[in-house]
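Enquirer: The sequence shown finishes on residue 210 if you use the working numbering, and the numbering steps up by one all the way, no holes.
These are computed hints drawn from the structure, not numbers from a lab.
Among these hints, one or two may not hold up.
To be verified - Just the calculated beta-carbon pair ranges, DEER-fashion: (1) Asp159 / Lys132: 34 to 40 Å; (2) Asp202 / Glu90: 40 to 46 Å; (3) Glu90 / Ile210: 41 to 47 Å; (4) Lys132 / Glu187: 30 to 36 Å; (5) Cys78 / Lys99: 21 to 27 Å; (6) Leu72 / Ile131: 17 to 23 Å; (7) Ser136 / Leu204: 19 to 25 Å; (8) Lys161 / Arg137: 38 to 44 Å; (9) Trp130 / Lys170: 21 to 27 Å.
What the hints assert, rightly or not - Simulated crosslink set (PhoX-like; lysine-lysine; CA at most 25 Å straight-line): (10) Lys45 / Lys125; (11) Lys80 / Lys133; (12) Lys66 / Lys45; (13) Lys205 / Lys186; (14) Lys66 / Lys80; (15) Lys133 / Lys45; (16) Lys161 / Lys172; (17) Lys80 / Lys172; (18) Lys125 / Lys172.
Every residue gets a Cβ at the ideal spot worked out from N, C-alpha and C, and that includes glycine.
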Amino acid sequence: MKIINLIGFSGSGKTSFIINAIKLLRTNLNYEIACIKNVHQHKIDEEGKDSFEFTKAGARYSVIKNQFNEHAFYIKSKLDVKTIIEWIKKGPSRVDLIFLEGFRDIDYPTVLCVRDYKEIEHQLSDKVKMISWILPSKDQSPKEYNGIPLMDISKNFNDFLKIFEII
Numbered sequence: 044m045k046i047i048n049l050i051g052f053s054g055s056g057k058t059s060f061i062i063n064a065i066k067l068l069r070t071n072l073n074y075e076i077a078c079i080k081n082v083h084q085h086k087i088d089e090e091g092k093d094s095f096e097f098t099k100a101g102a103r104y105s106v107i108k109n110q111f112n113e114h115a116f117y118i119k120s121k122l123d124v125k126t127i128i129e130w131i132k133k134g135p136s137r138v139d140l141i142f143l144e145g146f147r148d149i150d151y152p153t154v155l156c157v158r159d160y161k162e163i164e165h166q167l168s169d170k171v172k173m174i175s176w177i178l179p180s181k182d183q184s185p186k187e188y189n190g191i192p193l194m195d196i197s198k199n200f201n202d203f204l205k206i207f208e209i210i
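Kindly generate the complete structure, drawing on both the sequences and the hints.
Expert: Following this line, the structure appears as structure tokens:
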């Protein structure tokens with residue numbers, strides 16, 4: 044199972060990257076994907092909703108399913124991300140790849156998402172293997188930063204696969 048982390052400021056394209064990657068991986072490789080998002084700034088569920096009330100009352104898990112086959116899953120625990128990954132690995136469904144979003148201090152290969160070239164330097168770490176930036180259409184646009192490729196996954200899907208040793 045591959046694990047890829049995405050970091051970047053709010054609005055830098057992390058979620059868009061993951062959505063594009065999921066579609067490409069499902070279509071081209073029939074991959075099953077799991078996502079774990081680190082939410083920093085807001086609560087996941089609203090006060091007064093049933094799922095909120097279940098966990099408030101003491102439920103360890105709250106799984107919500109509706110008639111539209113939409114599901115939500117909440118874990119009321121201070122589990123670290125590595126424990127959640129192990130739980131997914133042991134789960135009943137096949138998962139080929141896990142995307143992590145928003146974990147800065149974790150040791151997995153990372154995609155840095157940026158809106159602007161100036162955002163790169165102070166977010167780099169030795170874990171960053173690719174920088175996602177919707178590049179301008181100009182030919183003189185940089186293709187790398189300090190040896191790290193800058194690319195758009197929808198235009199460079201095969202390069203993404205090679206960088207993260209998916210194929």
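Enquirer: Now tell me if each hint is right for this structure.
Expert: Each hint, compared with the structure:
The hinted range of 34 to 40 Å is satisfied by Asp159 and Lys132, whose Cβ atoms lie roughly 36 Å apart. Taking 40 to 46 Å as the suggested C-beta distance range, the pair Asp202 and Glu90 conforms, at roughly 45 Å. Between Glu90 and Ile210 the Cβ separation comes to about 46 Å, which falls inside the hinted range of 41 to 47 Å. The hinted window of 30 to 36 Å between Lys132 and Glu187 holds, with their beta carbons roughly 33 Å apart.
Cys78 and Lys99 have their C-beta atoms about 25 Å apart, which keeps the hinted 21 to 27 Å range intact. Taken as a hint, the range 17 to 23 Å holds for the pair Leu72 and Ile131, whose Cβ atoms sit roughly 18 Å apart. Between Ser136 and Leu204 the beta carbons are some 22 Å apart, a value that agrees with the proposed interval 19 to 25 Å. Checked against the hint of 38 to 44 Å, the pair Lys161 and Arg137 passes, with Cβ atoms roughly 41 Å apart.
A hinted range of 21 to 27 Å for the beta carbons of Trp130 and Lys170 is consistent with their spacing of about 23 Å. Straight-line distance between C-alpha atoms of Lys45 and Lys125 comes to about 13 Å, which keeps the hinted pair within the 25 Å bound. Using a Cα cut-off of 25 Å, the hinted pair Lys80 and Lys133 holds, with the two alpha carbons roughly 19 Å apart. Distance restraint check for Lys66 and Lys45: the Cα-Cα separation of roughly 16 Å lies within the 25 Å cut-off, and the hinted pair is therefore satisfied.
Restraint check for Lys205 and Lys186: the C-alpha separation of about 16 Å stays at or below 25 Å, so the hint holds. With a CA separation close to 18 Å, the supplied pair Lys66 and Lys80 stays within the 25 Å bound. A C-alpha spacing of about 14 Å is found between Lys133 and Lys45, which places the hinted pair at or below 25 Å, so the restraint holds. For the hint linking Lys161 to Lys172, the alpha-carbon distance of about 18 Å falls within 25 Å, and the restraint holds.
Between Lys80 and Lys172 the alpha-carbon distance is near 19 Å, which keeps this suggested pair within the 25 Å criterion. Simply put, Lys125 and Lys172 have alpha-carbon atoms about 20 Å apart, close enough for the 25 Å limit, and the pair holds.
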